[in-house]
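Student: Between the sequences and the hints, there should be enough to build the whole structure, so can you do that?
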Amino acid sequence: MLEATDTIIQGLLLGGLYALFAIGLSITYGVMRLVNIAHGDFLVLAAYLALWPVTNLEMHPFVAILPVVVLMFCLGYTLQRVVLNRTMGPNFLAPMLATFGMSIILRNGLQQIYHSDSRSFDIGAVGADSIHLGGTIAVGEFPLIVFVVAVILTFATSLLFSNTRIGIALRATSDDAETAGLMGIRANRTYAIALGLSFALLAVGGVFAGIRTTFTPESGPASLLYAFEAVVIGGMGSLWGTFAGAVILGIAQGVGAKLGAGFGVLAGHLVFLAVLAFKPTGLFERSR
Amino acid sequence: MREGLSYVVSRNTAISNAAVWLGVAAAVVVVAVPWLPYLGTAAFMRWAVEVICYLILAQMWNLMAGYGGLMSVGMQAFVGIGGYSLFVFAQHLGVNPFLSIPIAGVMAALAAAITAPLVFRMRGGYFAIGTWVLAEVFRIAFSNISALGGGSGQSLTVMTRIDRSTRETAIYLIAATTLIVASLAINLLLRSRFGLGLTALRDSEAAAESQGVDVRSLKLQVYTLSSLGAGLVGAIYYTSVLRISPFAAFDLNWVVAATFIVVIGGIGTVEGPIVGAAIFFALRWLLADYGTWYWLVMGAVAVIVIMFAPTGVWGYVRTRWDIQLLPLRGLDVSYETVSCPIKGHEIDRLYDQLRSSSKKILRRYRALSPWPRCWVSSLGKHQDGV
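Protein chains in written order, with our numbering: chain A, 1 to 288; chain B, 1 to 386.
Honestly, the hints are just simulated from the structure, not real lab data. Positions of the beta carbon are idealized from the N, C-alpha and C atoms, including for glycine. Be aware that a few hints might be false.
[As the list claims (entries may be wrong)] Listed next, the stretches of chain A that the computed footprint assigns to chain B, with coverage defined by at least 3 CB atoms under 8 Å from CB atoms of chain B:
{"id": "1", "stretch": "76-88"}
{"id": "2", "stretch": "147-156"}
{"id": "3", "stretch": "228-237"}
{"id": "4", "stretch": "246-257"}
Tutor: This is the structure:
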């Protein structure tokens, strides 16, 4: 029983990390119906970007997150303005194919620079310490930090969407880009902000993922699939739905890994397919 | 000769007729390769089998995405299932390896038909990634079947019973035949009711459905059909390579290559995959010594094409010079003055009738109208102007 509780708590905390992966994907799909196939590869890019200050300037990985977030926001904004906006239109294929191309460029570019060696960040004692909750249940300090950060960022993002001018512009463009345009909201800029925001959030996830386990240039696709599954399990139109989806995915993977080595990822996929079969609109869908 | 207007819808132009004969000639050459000097070597045929496999896969991807608007990132699932089915039937059940190839294709189609209800719960971008998840599930499942070699895979040892040169010629001929049949089938299908429904579905699912296109069954058909093709590709490729592993068979690069070939060549055109495959293999040959640079350049070329020439190289050629080698729709509408049910003077009479009846309507409208007469008369003026 205690062991089961432990597994679920670990899965829950892992879900926090997946939420950081997924919220960005949820935003880009919500605002501009873009499924960014390169999402996972940009996540890995963020981790590699953090690698430089961490190794050369001996910066603490937590501190390195800040410049990487800023950099990734700028990258997302620029990519949308320079590349993706040219392809946006009634046809969803073109922007998706463009991100597919970017994904291959990034993966092989990183491979060229960093080769296939797996890297990881060392954060000293925090990475190993854990808090005992009585019995055999212990919660690692670092996973807890990740979970709390994920909650805070999800909360902040939903505040951004509901209470700020940018958020209103994002929602208006999402509902009807043309009408929003008549009100003076430029879709091109709004889309750029959405992708920037998505990249900023995945930058946090990327660095945290690099601290939690290792990463290689090939880690991207797996992260994309986890993010995607979390979004679909959670359902459209709600950031907290995505968060809950990520937590469910994390728990499914945790339980799966307990059942058999190498079964964790498959269990996550199967839960995703089950949700698709029985509740294709997601568990926490909120119609707008 | 009676006067009048008529038109003839033609799908063939001088160029397209020439292209058909060129295609027939190319097919003959492709099939004759094993007996040709210089080309009939084992090394060339092995390379050609690979090219053919990528070309067929690209055609299948194009059928789904370019015509049906269904972008799949999970086509490697069916390449893998085709490859593994070949191993199951040929290696484990003792079926003739060459006979196992079509069986493997059918198995892939079957797997597609069974999983279709699940993946078609998603649309657009979700469908794309959803098929990828499915491919991952298959990959993990096959890596856990120890009878098939688990994660490290296994070799097709039954093929050693067949003499090497016979084997290589046979597999080349099977690949070439499959390519020709697939190209012909796709071209004929797209010219039929099926093709029209498919393009309607791509342009607007709702509109297609409102016009009586059975969207669900059409999607299922195109998905199953292209999976059959992908399964055949897997079976042919692994009969040639003789060794399979889950990571290679369910590799994302299968679909990456198919996508890039189609996007660069020209999405939604029959000729596109051929042009794209030529560019793809030319680039691979040029960049053979630079490892990952090859994929990097392919990705960059694809992104540039999507940005600046969204219809691909062939699409650009087609609009620039108005050439269509394998036209699918009626394109050459030529007006001729031949026999026509309405004669010239009758047209004049009909036009007069129409004018007078519209004037009648206008008069009645004026009589009923609550508005000042001058307003309505201005409306009448406008009408006369038309």
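Student: Which of the listed hints are not met by the structure?
Tutor: 2 and 4
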